[in-house]
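Protein chains in written order, with this note's numbering: chain A, 1 to 63; chain B, 1 to 249.
No wet-lab data here; the hints were simulated from the structure.
Take the hints with a grain of salt, since some may be wrong.
Claimed, not checked - Distance ranges between label pairs, derived from CB positions:
(1) GLN51/A to LEU24/B: 45 to 51 Å
(2) LEU35/A to TYR185/B: 26 to 32 Å
(3) ALA162/B to ASP4/A: 56 to 62 Å
As the list claims (entries may be wrong) - The calculated lysine-lysine pairs, modelled on DSSO-like cross-linking and capped at a C-alpha distance of 30 Å, are:
(4) LYS46/A to LYS154/B
(5) LYS89/B to LYS40/A
(6) LYS154/B to LYS40/A
(7) LYS3/B to LYS16/B
(8) LYS42/A to LYS243/B
(9) LYS42/A to LYS161/B
(10) LYS238/B to LYS42/A
For clarity, every value in this text was computed on a predicted model and none was experimentally measured.
Glycine included, every Cβ here is placed at the ideal spot set by N, Cα and C.
Single-letter residue listing:
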Amino acid sequence: MYFDSLSEFINMGGQGLYVWSSFALSLLLMAFNILLPWLKLKATRKQLARQLRREVNQQGEQA
Amino acid sequence: MWKWLTTLYHRLASPKWFYQISGLWLPWFAVVSLLFIGAGLIWGLAYAPMDYQQGNSFRIIYVHVPAAFLAQSIYVMMALAGVVLLVWKIKMADVVAQSLAPVGASMTFIALVTGAIWGVPTWGTWWMWDARLTSMLILFFLYLGVIALREALKPQDTAAKACALMAIVGVINIPIIKYSVDWWYTLHQPATFTLTEKPAMPASMWVPLLLMVIGFYAFLGWSLLLRARAEVLRREHKSGWVKDLLQRK
């Protein structure tokens, strides 16, 4: 480890705010770019499956 | 090799094949991106030595540089996908272009904001109308423009063509970004890394950056495939293979 203590690591020689805010923002935005498409994919699958079931049921009733 | 590439290209044009193969690739992109970004973060934040001029704020390059790389290469990919759509009428190219835009905009935003944060202790200003900064801001607006254009236009085919055209025209901005630091040397320093030269910093500084760059590219694959898969299902929901897929579950 380059730093002597945890508090020095967090403080980063007085530049902690710049460093940590940059990393936090980047990781947060990247996490969103995984999480949101993943939820969308799941929701799309679910919605299309429901739609398909409805279609199949309707055809069944008509027959 | 060439034959393998052309086969891959033709297969990728098929939504069904794309959906199947992307399902296999997805976990690999996820694992590689988590491992490399994790290792790069720990190394870059805690183990890399501090820069003797900039102090610890130099560590911001570990997110700033990979984000800036991605911001530009994603745009080029989007423009290439536009060419493939317009010339060969391959619809999958538009799915890819559409899925690239949000992640490209995010990367440009990260590059801009982390650069501004780094500028405060280093340059004493968070913004200046420097050529590099301005051309990156234009890149951000180009991404937003492509996204807005797709929302605004109907039907889907028209929107696809318009977005492809806008992406292709906007690609002129990429060499401007690249050479801006050499043509107008005002604020932003020239490239720290090039493919051809040995980096002017110790390995303990550039290896974590390399890890981050690889991790960021894997992250791009991960994010892109997730978006593209949802979009393929949405567009192809009337075709037989999607119905089979949905009923199997």
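For this structure, which hints from the list above don't hold up?
Hints 1, 2 are the ones this structure does not satisfy, whereas the remaining hints hold.
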